[in-house]
Amino acid sequence: MKLLFDLLKKFGVSGDEQDTTNFILEYIDKRQRFWNVQPKVFFGEEFHDCILLKFGTPRTALFAHMDTIGFMVRYENQLIPVGGPEFIKETELVGQDSLGKIHCKLIGDEDSPLHDFPRAIERGTRLAFSQNVRIDEEFIQAAYLDNRLGLYTALQVCETIQDGWVVFTTYEEHGGGSMPFLLKFIQETSPVRQALIADITWVTEGVLPHNGVVISIRDKFIPRKKFIDKVISLAEKSGIPFQLEVEAYGGSDGREVQFSPYAIDWVFVGAAEENVHTPDEKVSLKDLQSMIEMHKYLMDSL
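In terms of my numbering, the sequence shown is numbered consecutively and its last residue is 913.
Treat each hint with caution, since some may be false.
[What the hints assert, rightly or not] Computed spacing ranges between beta-carbons, pair by pair:
{"#": "1", "residue 1": "712", "residue 2": "687", "range": "34 to 42 Å"}
{"#": "2", "residue 1": "630", "residue 2": "657", "range": "13 to 21 Å"}
{"#": "3", "residue 1": "852", "residue 2": "747", "range": "43 to 51 Å"}
{"#": "4", "residue 1": "747", "residue 2": "850", "range": "25 to 33 Å"}
Hints are computed from structural coordinates only; laboratory data are not their basis.
Glycine included, every Cβ here is placed at the ideal spot set by N, Cα and C.
From just these sequences and the hints, can you work out the full model?
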């Protein structure tokens, strides 16, 4: 799991994904010759910090977002949330501005978060939770499993995929914004009618650890039932453990697929975590394995 540990160490608060992007590009460059199919790789300023991999003749696109939640420095020692981080007093934050590295604590309160760094931090500097990865026989626990596990899954899919797009997106945690130009490029280059979202959802009273990857029937947004039924039927045939989710809230890159001008069906497929948007996100290793296996199976079968 060295790849996952390396991903978890990369900085990538929304709008500042470049370190994560560069790491993934380096990994692709080193690893792709061992994959079943060598993809065509699209990246650069035309795509901001996003990466698109085209394998064979795509029928389906898999999307995984690279950004994380965090905080942005305002004035004096004020902070503004990026995405939806949980406010936990004394949480350690890290970052860097032109004067050097930053290691401080979250103070104040939920309505007025502050940092305790002894000097002024440059305005606009992004701060992330300090990383502390813990793993045992049953669980992995760390900051930013959402969505480093999605990135890890997508890169595992790259090992075996024959046909499809694998796309690494930006901005998802703070309102989205990269999906429209990515979808336009995909539909003009090698169009698809189906999309999988590799992301992380929540443990709830109906979704429990060790019960398999979650296939979401709905979150705040509702995919087309005909497509969801097809995915569930395939999942049942696969023999891979899975559970179904029905929620009223939450969202993912699937939202922007549904709001796009393209007739693309989509479904969210991801492991469930406890302690969402904290430094202590916790996911079952069995569910992570099911997530990887299900995405590989669906990319091949859809």
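Evaluated hints:
1. 712 - 687: 34 to 42 Å: 20 Å, violated
2. 630 - 657: 13 to 21 Å: This hint holds: roughly 20 Å between Cβ atoms.
3. 852 - 747: 43 to 51 Å: 20 Å, violated
4. 747 - 850: 25 to 33 Å: 26 Å, holds
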